[in-house]
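S.K.: Chain residues, written in single-letter form:
There are 2 protein chains.
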Amino acid sequence: MSENQFAEDALLAHIHASVPGAAHVLVGPGDDMAVIKVHGGHLLAAKDVLVEGRHFLASASMAQIGRKAVTRNISDVAAMAARPVAILAACVLPRSITQARAQELVDAISHTAARFGAPLIGGDTCLHVGNGPLTLCVTVLAEPLEGVKPILRGGARAGDQLFVTGALGGSLAKDGGGHHFTFEPRLAESHALARLLGANLHAMMDLSDGLARDGSRLAEASALQAVIIAEQLPCTPACVQAHTQAKAWQGALGDGEDYELLFAVAAGVQMPSTIGPNNTPITCIGSLQALPFPNDTALLCLHNHQSVDVSKLGHWHDSI
Amino acid sequence: MSENQFAEDALLAHIHASVPGAAHVLVGPGDDMAVIKVHGGHLLAAKDVLVEGRHFLASASMAQIGRKAVTRNISDVAAMAARPVAILAACVLPRSITQARAQELVDAISHTAARFGAPLIGGDTCLHVGNGPLTLCVTVLAEPLEGVKPILRGGARAGDQLFVTGALGGSLAKDGGGHHFTFEPRLAESHALARLLGANLHAMMDLSDGLARDGSRLAEASALQAVIIAEQLPCTPACVQAHTQAKAWQGALGDGEDYELLFAVAAGVQMPSTIGPNNTPITCIGSLQALPFPNDTALLCLHNHQSVDVSKLGHWHDSI
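Heads up: the protein sequence lines correspond to chains U and S, in order.
Counting in this note's numbering, the first sequence runs from 1 upward without gaps.
Counting in this note's numbering, the second sequence runs from 1001 upward without gaps.
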């Protein structure tokens, strides 16, 4: 790749290295949400962008797009075990949009946000001047649960058990079996985990870019190596259908847009098989260990007890 | 206009009418910033979007674009007489962007934000899949100044004097005389006004869409009529050059992108001629009065003591 070409990871690394800290910024760029100190308490904030072509196709309905713009952000709140309090939304609309469709879009945003206790409090809207894709940007604000510190990516320890909620893969399946428009953010599950585990819940994040990539991020943030057992990965029916039973584990690692929780639990803690009000399954998929040597790969995947290269699986974009 | 065509004002009216309230939302959509209750105090939030073609041309530098994305938001904080504490930024980048230009953009965002005490704490970045314009979205979070309640648009009273900071018009002048990339948000001026006037500072907003439009918004929010004296409008040299001396008042009303403060002061209060550490001029441009009859125009402009129609001046987009 030439020096002039764009690499998102390099841009993020530049941001993480160059952004100045401040006394009131407790968690800056690089986690699912930032945490700042406000009026003696913690306030969490994150923002996600959704662009036609990248996160949805032109064939998607306004209701689907508006819902997803909000639920992706709520999934970030779940990743921190926090409680959403408000959202702001910006919409850049194609010139061809009708009043009815624009209203359908903002209604979907507003209704979805209200359902999670995070009313739409402001934002911005404008029309593209030339041709341009529908672009949405949602900011979510959140507060910690009472007595629960925000759960970061970087708190895992060597020996931790690694879990996921639900099942992975097949989210983008074209036959409608995929769930990237219909997923329910794991907010209740996250709160139940934080309350059940207390200080034994060491690290957490939500899975948006695929377990191969996101698992690396959690391990890197904790300066550890994630060891994932391919045979233990829970796969959705859509994932099995898309990849076959034998290769479904690859879809679970690489398909992305799962919006399940990945979390690290202290070694030796006995875990239930489900969590939360809907008895959502939780599955141990591996563990975290000290890096065998510096600069070793942050994620080791074992299939038939052999290490397999999964570094090309997953999506290589992340939030700032 | 057909029913299916898009009208931004109708969409905003729909949002303002349909968004549900909540106990912790003190100011929802419709002001320069929203205000929510967090940890027993007030937190302010706003977000603005910047799109190539609409808010800047492709010829603008990354440094100009990044700076403007932040200063527009800081201007919203000034409008509330609040103190910025953090920003989040989302960038949707054209496929052709280089690493160097992307870094220049985020550096401009980060440095400008830090200068106002509002470090970049997070966000999102992605590439357009097809052709799409550079799109930025910045969210700013703010706290009230100690002892100062956020100044809203809707607090003006009949008889109030109407003032602006600085001079208006010519912001987009193509010869470089315009200031839409270089304006300094009136944050220090806003704080000085709030401290000088206390409860006599009734209402405030920043001017982004032109005084004709924004003055109407302040008057409407206060259920009053703004009466503006064209001869009293302070015009920039670039405005005079673009419109001639005789018609400069029209540029002051309609050019937009001024990012000056418009504020309402209790009748009878003697005002200084400048405010803040840089001795920024302030000018009385008219007053607010009770609506002569319901549904009367929210803004009356007098030129040579005659009412002139300025309803076509200004830009008809606004924040949610």
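Rather than coming from a laboratory, the hints here were simulated on the basis of the structure.
Honestly, I wouldn't trust all of these hints.
Result set (DSS-like, lysine-lysine): computed pairs, CA atoms no more than 27 Å apart in a straight line [stated by the list, open to error]:
#1 K312/U <-> K247/U
#2 K1247/S <-> K37/U
#3 K1247/S <-> K149/U
#4 K37/U <-> K1312/S
#5 K1312/S <-> K1247/S
Keep in mind the model is a prediction, meaning the values are calculated, not measured.
S.K.: Does each hint hold? Answer for all of them.
M.R.: Verification of the supplied hints:
Restraint check for K312/U and K247/U: satisfied, since their Cα atoms lie roughly 15 Å apart, inside the 27 Å limit. Pair hint K1247/S plus K37/U does not hold up; C-alpha atoms about 50 Å apart against a cutoff of 27 Å. Of the pairs offered as hints, the one joining K1247/S and K149/U is violated, with about 60 Å between alpha carbons and a cut-off of 27 Å exceeded. As the CA atoms of K37/U and K1312/S are separated by approximately 45 Å, the hinted pair breaks the 27 Å bound.
In summary, the hint linking K1312/S to K1247/S is supported, as the alpha carbons are separated by about 15 Å, within the 27 Å threshold.
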